[in-house]
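In order, the protein sequences belong to chains Z and F.
Just so you know, we're using this note's numbering here: the first sequence kicks off at 3 and counts up by one.
Just so you know, we're using this note's numbering here: the second sequence kicks off at 20 and counts up by one.
Honestly, the hints are just simulated from the structure, not real lab data.
Hints are supplied without guarantee of correctness; some may be wrong.
[Unchecked claim] Examples of chain F residues lying across from chain Z (beta carbon under 7 Å, computed): (1) Leu-141; (2) Glu-144; (3) Gly-288; (4) Glu-343; (5) Ala-347; (6) Arg-351; (7) Arg-354; (8) Arg-355; (9) Trp-356.
[What the hints assert, rightly or not] Pulled from the structure, derived: some chain F residues nowhere near chain Z, Cβ distances all over 12 Å: (10) Val-55; (11) His-387; (12) Ala-423.
Virtual Cβ for every residue (Gly too), placed ideally from N, Cα, C.
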Amino acid sequence: MSTMLALLAEPAVAGVAGLEGSFPWGDAVVSADAEAAADAVVALGTATADGPEPDVRWLGGPLGPAPPPGRRVIATSGEGLWSRAAWPVRDELFELDPPDAGGDLLVVTGDEGRHGPLLEKLRGRGIRIAVADGLTADGLASAAAVAFPPATQGDLGTRERQEAVPAAAFAALAARRPLIAPRARMTFGLLPGVDHLAASADDEVVQYADALQAFPDVFAPLIALGRIAAERQRASTVYGRLVAELATAAPRSAGPRG
Amino acid sequence: MRICFLVHELGRAGGAETIRSYARRLEAHDDFEVDVVFTDPRVAAGRPDVRGGSGPYDVAIATWWATAAQLWRVPARRRALLLQSIESRFYEERHFFERLAAEEVLSLPVTYVTIATWMRDLLAELRPDAPCELVARGIDKSVFAPRSRRPRHGPLRVLVDGQPSMWFKGVREAVACVRAMREPAELTVVAGNPEDADGVDGARVVGGLDAPAMADLYADHDVLLKLSRVESLGLGPVEAAHVGTPAVVTPYTGHDEHGLVVGFDDEPGTVRALDRLAHDGELLGALSEGALDTAREWPSDESAGDSFAAAVRRIADAPAPDPEPALADLARSRRRWLELTREQTRQAEAAVSERDRLRRALMEAREHVEELNVAMRGLEAVVAQKDRQIDDIRSERAYRAAVAVRRALLRRGR
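Assemble the whole structure, with the sequences as input and the hints as a guide.
The structure is reproduced here in structure tokens:
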């Protein structure tokens with residue numbers, strides 16, 4: 003029996019973590035509106051629409067306030083979660099052209115004020131950078147590598163860790179872009195130094211970024227193992243498992259989506 | 020044909036059993052003569068080691084990154100590396116130098132023998148020049164055979180597979196998930212070395228079992244739970260599937276779906292999966308049937324042994340690999356290590372510098388404390404002197420008379 007999965011998502015989010023097409027387990031569509039015909043509805047990030055509550059809300063980071071009881075919420079960290087996970091990776095990102103070695107390091111930060119000193123250091127070191135407040139498919143396509151800077155400035159040598167790696171981290175790995183990510187307690191299977199580079203402090207980011215731009219061809223093992231790590235987050239695989247589980251779960255409530 | 024396996028040790032780990040299994044299977048062929056040669060004479064304990072001058076061999080096979088460096092210490096026409104995992108992943112970030120050394124084996128001018136398709140594909144990407152054979156690990160199908168399973172009554176019997184003291188086996192996380200279940204469950208941990216099983220307090224721990232005992236253990240449980248972060252294929256779930264016991268596993272490299280797959284670091288999702296199996300006997304039964312189906316496709320010990328023998332013959336017959344591309348890869352590796360080591364060294368220096376700064380601050384603070392102590396002792400002397408002066412005044416006759424007059428005046432005033 004075929005299943006219809008509807009993903010409620012903003013276009014930028016859908017470009018990274020969405021899924022469209024037909025798969026052995028059913029069909030997937032991305033929609034900004036309610037999909038009455040869907041067997042399962044998953045809302046990505048903060049996307050909302052009229053209609054019943056989505057079966058699952060999959061946040062693009064840590065959980066803020068605790069969800070109301072009975073809501074299925076997936077996030078990278080937080081209490082009362084239904085699951086703890088990074089975002090799936092849209093299948094098409096695995097097919098992106100290899101990066102242009104002369105391309106920019108894409109620094110993904112929602113807080114340019116906090117990361118201003120890092121950006122200055124990167125520019126001062128002569129590193130080519132582009133800055134974005136979120137990871138998008140277009141941004142990824144034009145980037146040679148991706149950095150999510152540490153949320154807080156750790157002391158060098160302390161190996162300070164933040165709670166979890168960013169939800170979109172696997173997208174960069176799927177697209178064969180070397181990844182610099184915050185050193186985190188929860189990596190969702192990523193192995194720092196093996197499939198990505200982990201940083202606790204600005205200077206660590208700068209050093210790794212410099213090495214990646216100066217010697218892009220020497221990081222092939224890191225990129226290949228990153229790609230293998232990303233494979234387990236492939237959207238068609240992850241959503242397929244989710245749909246199978248939801249098929250045996252209680253139906254979603256008739257309350258408003260949001 | 021003379022073959023030698025270079026081994027560091029032959030413990031209870033699955034990798035060592037693979038080596039033993041392949042060595043036994045080669046010896047079963049009339050045309051193979053097999054030596055197991057220890058690379059560390061301290062571990063050899065009287066058995067053949069690399070100093071022994073044995074050989075020459077048709078093929079020398081290293082079996083672990085630490086043994087690969089010894090490949091050129093034994094006389095051999097061809098050299099190969101049995102790659103059971105990408106071994107750099109076994110080391111945490113702080114074990115930087117072991118990681119680099121383990122990664123180095125991917126740059127050698129040898130033929131690789133891998134046991135999983137994902138490693139063969141990885142090598143094809145990183146070293147398209149390097150000859151590579153794929154020989155899947157076989158299963159002793161006479162031991163790991165389907166068992167009749169009675170309908171379950173009572174708690175879900177969960178078997179956690181892995182050595183708790185190994186960080187990447189996820190055993191403590193697995194135990195925590197079983198303990199967080201809503202449904203009743205019985206927990207057993209099976210470890211290679213059950214004496215070294217800290218962090219699973221209260222759990223029944225078994226280990227050191229031979230293959231028939233392992234098959235019985237799988238059959239005595241409803242589900243195998245394996246939350247490893249690093250595996251090459253994860254033998255436990257494969258063996259359990261042959262018995263008909265499904266597994267809940269993380270998607271480690273080489274995993275097969277012999278049950279349910281749960282995410283890394285996803286305790287709520289894992290607990291939910293176990294609870295589903297506990298209250299849904301139909302699902303558990305379907306997964307058991309599915310596990311048996313996938314197990315049927317898995318090669319037997321015999322066929323894996325034959326495949327390994329065929330691979331070794333091909334290695335012996337083929338020309339030796341061209342060292343040029345290997346050297347080019349090694350040069351790239353060196354640059355990578357240099358850049359990453361530079362950062363590690365900088366961090367170490369920064370940590371030392373920070374320690375020195377704190378040490379100086381501590382010494383300054385101690386000096387201040389000492390100054391304050393001296394000042395305090397001076398003040399205490401002043402206070403003591405004043406106390407003595409007060410006592411002297413109180414002991415004078417004039418003071419006592421004045422006090423008596425004051426009391427008399429106060430009484431009269433009432």
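Do the hints match the structure? See the list:
1. Leu-141: holds, 6 Å
2. Glu-144: With Cβ-Cβ at 5 Å, under 7 Å, it holds.
3. Gly-288: Gly-288 of chain F check passes; min Cβ-Cβ to chain Z is 4 Å, inside 7 Å.
4. Glu-343: At 17 Å from the nearest chain Z Cβ, Glu-343 of chain F fails the 7 Å test, so the hint is violated.
5. Ala-347: Not OK, violated: Ala-347 of chain F not within 7 Å of chain Z, min 10 Å.
6. Arg-351: holds, 4 Å
7. Arg-354: Cβ of Arg-354 of chain F sits 5 Å from chain Z, so the hint holds.
8. Arg-355: OK, holds: Arg-355 of chain F within 7 Å of chain Z, min 4 Å.
9. Trp-356: Nearest chain Z Cβ about 9 Å off; hint violated.
10. Val-55: Its Cβ never comes within 12 Å of chain Z, the nearest being 30 Å, so this holds.
11. His-387: Answer for His-387 of chain F: holds, closest chain Z Cβ roughly 24 Å.
12. Ala-423: Answer for Ala-423 of chain F: holds, closest chain Z Cβ roughly 71 Å.
Of the numbered hints stated above, those contradicted by the structure are hints 4, 5, 9, listed in ascending order.
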